[in-house]
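Taken in sequence, the protein lines are chains F, E, D and U. Quick note: the first sequence uses the working numbering, first residue 1, plus one each step. Quick note: the second sequence uses the working numbering, first residue 1001, plus one each step. Quick note: the third sequence uses the working numbering, first residue 2001, plus one each step. Quick note: the fourth sequence uses the working numbering, first residue 3001, plus one each step.
Derived by calculation from the structure, the hints in this document are not laboratory data. Do not rely on the hints blindly, as some may be mistaken.
[Unchecked claim] Below are the BS3-like pairs computed for lysine-lysine, each with C-alpha atoms no more than 25 Å apart in a straight line:
| no. | chain 1 | residue 1 | chain 2 | residue 2 |
| --- | --- | --- | --- | --- |
| 1 | U | Lys3633 | E | Lys1106 |
| 2 | F | Lys153 | F | Lys26 |
| 3 | E | Lys1110 | U | Lys3635 |
| 4 | E | Lys1106 | U | Lys3635 |
[Unchecked claim] Taking beta-carbon pairs under 8 Å as the criterion, some of the chain F residues facing chain D (in silico):
| no. | residue |
| --- | --- |
| 5 | Gln81 |
| 6 | Asn130 |
| 7 | Arg131 |
| 8 | Ile132 |
| 9 | Asn135 |
| 10 | Gln136 |
Yeah, the Cβ is synthetic: ideal placement off N, Cα and C, and Gly gets one too.
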Amino acid sequence: MRTISFGQLWRRAVAVAALALGLACKREERRFNATSPSAPAYAAVTLDTLQPGVPSPELSVKSPSEGNAYDISQGKQLFEQWNCSGCHSHGGGGMGPPLMDNEWIYGSSPENIVATIVEGRPNGMPSFRNRITANQLWQLAAYVRSMSGLEAKAPSPGRDDDMQYKVDEQRTPIRTPRASSSRNVPAKSERP
Amino acid sequence: MTVVGEIPIETGREAERPLRPVVNASDLPSVVYGSRVVTWWGTVGFMLAEAATLSACLVAYYYVLRNYESWPPLRTPPPDLFVPTISLVVLILSLVPCYLFARAAKRLDKPATVRWMWAAVVMMLIATGLRLMEFSSLNVRWDANAYASVAWAVVFAHFTLLLADTLETLLFAVVMQTREPTRYYSGVAEDAFYSYFMVAVWIPCYVTVYLVPRWV
Amino acid sequence: MTWAGSIFDTAGGPAERIARLTWFLIIVSVVTYLLLLVATGIAMRRARARRLREQLADTGPDTESRLTRNISIAAIATTLILLVYVTATARTGKAIAWPVNARQPLTIEVTGHQWWWQFRYRDSVPSNWLTTSNELHIPVGRPVRVILLSNDVIHSFWIPELHGKQDLIPGHRNTTWIQADRPGVWKARCAEFCGHQHAKMAFDVVAESPARFNQWYVSQLTSAQPPTDSSARRGHDVFMQRTCIMCHTISGTQAGSSVGPELTHIASRPSIAAGTLRNTRENLGRWILNPQLIKPGVRMPPNAFPPADMNALLDYLETLK
Amino acid sequence: MSARPLPAEHTGESDPKSIESVHGRLEHVWRNGPGLWGWLTSVNHKSIALRSIITAFAFFALAGVEAALMRAQLARPESSLIGPDRYNQLFTVHGSTMMFLFAVPMVQSVALYFVPIMIGTRNVAFPRLNAFGYWVYLIGGVLLYAALFTNTGPDQGWFSYVPLAGPEFSPGKRVDIWAQMITFTEIAAIVAAIEVIVTVFKQRAPGMSLNRVPLFVWAMVVMSFMVLVAMPYVATASMMLAMDRLIATQFFNYAEGGDALLWQHLFWFFAHPEVYIIFIPGLGMVSSIVATFSRRPVFGYTAIVLSTVSIGFLSFGLWVHHMFATPLPQTGQSFFTAASAMIAIPTGVTIFCWIATIWSGRPRFDTPMLYVVGFIALFTIGGLSGLFLSAVPVDLQLTDTFFLPGHIHYVLLGGMVFPLFGALHYWFPKVTGRMMSERLGKVSFWLLFVGVNVTFFPQLLLGAAGMPRRVYTYLADTGWGGLNLTSSIGAGLLAVGLLVLVVNIARSLAAGPPAGADPWGGETLEWAVSSPAPDYNFAYIPIVHGRSALWADTGDLDAVSGLREDRREVLQTTMLDAEPDSRHEHPDPTIVPLLAALATGVTLIWGIFDPIGFAVGGALTFLALGAWGWPQKTKPNTHEIVEVPK
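Isolated chain F (complex conformation):
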């Protein structure tokens, strides 16, 4: 067993520590004046990876609020205060489809969710174009993903100071997204 010199061991330990701590700081960063990248060209967002010919290039825009605790909690506050629960009732679904299950009609990646919010969708989803700034759109998308456990556990929000209507996002198990056609309730056998 090759003996590692003390110096090497020490340098390696410092490197690992820096990496771990670096990761932690991004997750907990409070970015206030972040002029977030301009929201993606909504037309470029595809609802499915199935396409003829060479697959189109990966979208250059990544969500800045991915895995950031502050942004997800801001997204949750906006979700509650802008009355998204009116139709989606905290993710359980009502007039609008449920958001905490693994079925996604219009795509589960942050860009798709932002596209859904901005453009609106048939059967009642209103369009919020020009109504919500890009930064807030990314925060809302991050929160909606955390409702079905798609965001990392540590930055996801815990319980809120309210009546307990569901298990909080931090303890929601990951529900791997599955594309589904709109509004047809799966047969009893397929239901998870």
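Got chain F sorted already, so can you dock chains E, D and U onto it with the hints?
Relative to chain F, chains E, D and U alone:
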């Protein structure tokens, strides 16, 4: 209150004070029992800290109780009494082998000590198993409401004490079975002393969590 | 001593009684402190003199008894001072309590939000209830009962000129009362740490004669008039079609969201952004363009409106007297 | 002192050669292992306590830097030096560090260093538990500062009011890291408290009955009992907060029956005794210094002991004066005004006794004595400003304003840091064998004394001017700029004073004049041994004949021989009259306390992210404690004498 002798006027002295032995302590006992031994006082210290922890949980329980009109809150069934009462009885009965192995330890009687220690370990393990079942007989999840949280807090706080005592008795039983160092006899006696405290402090918790919801 | 904005610049009954008790405590403390310093000084000087004269510390029985006597005198004196202190405190406490037989008190419900204030004037006629934000008008001479509520974190309602502070605690309905004995305009601040912008969460307090108060009250009750001039009308459209409508209310228009402060009569207020900026066109423009530069962490997002839209919006907001 | 008549083996004169051989044998048995491994496995109370003192001073320096940054930000209105998020982290970590990572560990380390020597024994009662306590404290401190340096420091204030600290308004793991740091420091504090109590109860030198115990030791025992009762409350409250944030328990959720005031009650029931836990050791240090430098025992020994004990009890009855602005019933609040006033009486009596000691003594005003006079001057301002805050009506005007930091710093800097620096100059020769320079000592004292007043008196005035506390900036038209600038300049003075102190320490360590065993002519036993004291403290356990052990007679000290010299053996005495009672063999240096501390660390830090951490970590900790309890191999020629109770 006058001072014997004369206080050195100015600053002190270079060399250290020579020590003249006048008393010989070589034939003092090295294994003693009860409050003469140091670990007994250490256990009393930990008891004080654990009693304070439990009292904090009980204070929280009665504080939250004040916030509710009906206790337990509406639609929350009061905890069952069957399993907790059996667990309480088993705990109290487990004090009998504790007392017996403490007495045997004081007589340095190894077979009796080991026999009763294993009896105590078995009874405490049963009590621990019953305690795990007690959590379900609380009839409410810990995150349902404040009543559930404080009830779980009281039961879980004491559960850590019970688990610690069980594992300590198990460790002493194994040590006495295999190695049997004379110094550990006083440790065994003091472990029984801790068990008395652990069971005694469960009584108010039992009354609070299981009987108060029925009386209030 | 009217040190502006301090707890000695009193304008209301309770604050004045508290200021009097504070002065009493200051005098007692200074006297006690000087006595103690003098005692220590004498002890040090006398003892240093003995140090040179004698070889031994003075631990004879008569010194012991003399010192014991002095200390017991000092202890009894301390106890007496404290007794006086406790009774004075209790009397002041009773004096500043809510006057039970207050004649037709005004009731105001204060709700603390993360970093702005909402006031609801609960008139006897429910339809006349007025909701405004970041500005509190009270009539001089009338006791005002204040109900303190919060639905996010703990804040603290404190007008140094009128009364002590009381916390707004979620889940609790705390109450206090204030009464202005003279007209004036003061700045009040949140006094319990409540997050990023606790430092800039203030509101203006305007105490005025009952007549002027009623006139203000009636004007605040009227909803906003639709704009007449073209630029204001364009500003109205910008308000309704861009991000403003998501959070703010202007009664008389479609904007009815209660996420942010209510803006129906924003032009009539002395300050904006919870008492942070004076209410001028230039400040309002700077604030709308990027609030994060002025109050980093506030929940209002930056709004990059084109200059034409921004000017129209400012024109519209200035019509909301 | 009626020691039971034992056959005295030899009562010949103590010739140095026999001491030499005794010294050689004892030194061989009691010294730490070599190198890093010896450092990690040490169970010697002085090496662990010195390590803990240095760690606490390091945290004090870090918190000082944070304070300097805050004062730089507040020096001018509307300055953009530090943003709100970073500033909130700074004042939270400054408060938490000073309270949990500096004050309590420092006073307990000073106790763990000097109490065993002062009561004439060789080590604390449970050496391995002492090592465990230090490692757990170190892990807690490193956790908090790892968070601060990666911009994930807690930002909700050192008393972490819910619901701001709750799961909804403090996203992420910042507050969980704070809560677990509390759990770590509470474990370390409880463990150290048990050490001090049991060591003083069972291992005093023969003849040191309870009325001959030095005042310093009395203060440390009272402090330890307060720790044992107060700390579990904050450990429970911080665990409740952590569970609220991790597994959604509803302790503080008002919508589900919990209550934000429950946190405030539980926290302040701990936090007020905590500031007395920090202040009472200050009393002990001042008593030691005043006695030695006034060349006479402290006047009114019984009065001071009774006052210290009554302060300990009364401090548990005052906590609601932190909550006067909350909707608590009015009559209840005035009860707490009276209770807060009552605690001023025993404090007053203690200070009067010291003044009487100086009055009737022959005082020499070296640096330690200067710090005592500084203590009297500053602490009294703190106490009197406390009167303003315990009067309900005035408190409603002054609480949560800058009057609070003014009051806290007068009480804590005056009541704990000044006695601590006095004790540093007083005991530095005993710890290192070298004297500190008097000139630099006086310079640093006056810089600190003026610095404290210039920094914190303006804050008292700012409080009256209506400036709320914990604000990262203030508007220019508020008129608070001048006072804030003065306060910031004062902070600069404080920094210079601390720098001079550090220079003094460094210079004295390198080239200070040798101090010898007893440079000041003190009365307590630690001045009987060489400086620095040998690992085993006393070759033979001394016998005490009076309250001032070393002033009773200037000749040789009577001692007890017969303890084994090939084992680490300690004499245990009865609790009341300290009569020789039994011998106890102490464990050899072992790595197990470090392993147990690491297992506890894994349990709590993993428990921040996933509740499974508590289960797996708990099992790991049990394994470590099992190794701890497992008996060591019985050494050759061991003959145990058992005394079975009748």
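Here's how the hints hold up against the structure:
The hinted pair formed by Lys3633 of chain U and Lys1106 of chain E meets the criterion: a straight-line CA distance of about 22 Å does not exceed 25 Å. For the hint linking Lys153 of chain F to Lys26 of chain F, the alpha-carbon distance of about 14 Å falls within 25 Å, and the restraint holds. Restraint check for Lys1110 of chain E and Lys3635 of chain U: the C-alpha separation of about 21 Å stays at or below 25 Å, so the hint holds. Taken as a hint, the Lys1106 of chain E and Lys3635 of chain U pair is honoured in the structure, with Cα atoms around 23 Å apart against an allowance of 25 Å.
Taking 8 Å as the C-beta cut-off, the interface hint given for Gln81 of chain F holds, the closest approach to chain D being about 5 Å. Given the 8 Å rule on beta carbons, the hint for Asn130 of chain F holds: about 6 Å separates it from the nearest Cβ of chain D. With 8 Å as the threshold, the beta carbon of Arg131 of chain F comes within range of chain D, its nearest partner Cβ sitting at about 6 Å, so the hint holds. Interface restraint check for Ile132 of chain F: the shortest CB-CB distance to chain D comes to about 7 Å, inside 8 Å, so the restraint holds.
Because the closest C-beta pair between Asn135 of chain F and chain D is about 6 Å apart, less than 8 Å, the hint holds. Interface hint status for Gln136 of chain F: upheld, as the beta-carbon distance to the closest one in chain D is roughly 6 Å, under 8 Å.
Violation of the numbered hints given earlier is absent; every hint is satisfied by the structure.
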